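Peer 1: Line by line, the protein sequences are chains A and B. With the numbering used here, you'll find the first sequence wraps up at 112, consecutive numbering, no jumps. With the numbering used here, you'll find the second sequence wraps up at 1115, consecutive numbering, no jumps.
Hints should not be assumed to be uniformly reliable.
[As the list claims (entries may be wrong)] Cut-off 27 Å, straight-line C-alpha distance, at most; resulting in silico cross-link-like pairs (DSS-like, lysine-lysine):
(1) A:K44 - B:K1068
(2) A:K44 - A:K71
(3) B:K1058 - B:K1068
(4) A:K11 - A:K44
(5) A:K44 - B:K1069
(6) A:K44 - B:K1049
(7) A:K83 - A:K44
(8) A:K62 - A:K15
(9) A:K11 - A:K78
[Stated by the list, open to error] Covered stretches of chain A, as calculated for chain B (at least 3 residues, CB under 8 Å):
(10) 17-28
(11) 100-106
Worth flagging that the hints you see were computed from the coordinates, not collected in a lab. Bear in mind that the values here come from a model prediction, so they are computed numbers and not experimental data. C-beta: ideal position from N, C-alpha, C; glycine also.
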Amino acid sequence: EAGVAQSPRYKIIEKRQSVAFWCNPISGHATLYWYQQILGQGPKLLIQFQNNGVVDDSQLPKDRFSAERLKGVDSTLKIQPAKLEDSAVYLCASRAETHEQYFGPGTRLTVT
Amino acid sequence: AQSVTQLGSHVSVSEGALVLLRCNYSSSVPPYLFWYVQYPNQGLQLLLKYTSAATLVKGINGFEAEFKKSETSFHLTKPSAHMSDAAEYFCAVRVGADSWGKLQFGAGTQVVVTP
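Go ahead and model the full structure; you've got the sequences and the hints to work with.
Peer 2: Take a look at the structure:
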């Protein structure tokens, strides 16, 4: 079974630029999550989708972050414009019916 | 609200020694608890989970954890550390009583294994 795929793995941008991350969850997983992991901290949930609907985006900075999940499969997370404090690893996860979440390798974003 | 606290941001153990990572939780509902491991430049991998069945949970790579309601704890142990256990470990609790499964993670414990 293929795991959660994410791209790119690394991205370096200047502040005020825009960036997008892509996630392909495990086939058949209806629930998809985006987490932000700042160095030295645990992952923090940004947004959660159930199929292509948003379940929870209470922690998403909506003035600069957006996410979509078209057709209930792939998802993209966008930041526009980026700030220095957005430097982090962005993790995508998908969930089976058995409660556990499966994580992708993450995208490491550096904002200079 | 649900939360977890991991005691100790760094732990150093000798190869062959006991690994003990501490996690205490706070939950207003019966908790679902998880331990994840993260190797450098990789995503998180599930080690084990507690979902209200047996209080002693066995996971992958020889790890196990015991749910103790009276102590609100879910500590992770491994009898004998291997060099390959060097990684960061995260305890997490499911937030809310619904089935959506949002997780609240602790700050993590970095494990260093010395020869």
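Peer 1: Could you run down the list of hints and mark each one as holding or not?
Peer 2: Here is how each hint holds up against the structure:
| no. | hint | result |
| --- | --- | --- |
| 1 | A:K44 - B:K1068 | 26 Å, holds |
| 2 | A:K44 - A:K71 | 25 Å, holds |
| 3 | B:K1058 - B:K1068 | 15 Å, holds |
| 4 | A:K11 - A:K44 | 20 Å, holds |
| 5 | A:K44 - B:K1069 | 25 Å, holds |
| 6 | A:K44 - B:K1049 | 19 Å, holds |
| 7 | A:K83 - A:K44 | 17 Å, holds |
| 8 | A:K62 - A:K15 | 17 Å, holds |
| 9 | A:K11 - A:K78 | 13 Å, holds |
| 10 | 17-28 | violated (count 0) |
| 11 | 100-106 | holds (count 7) |
Hint 10 from the list above is the single one not met by this structure.
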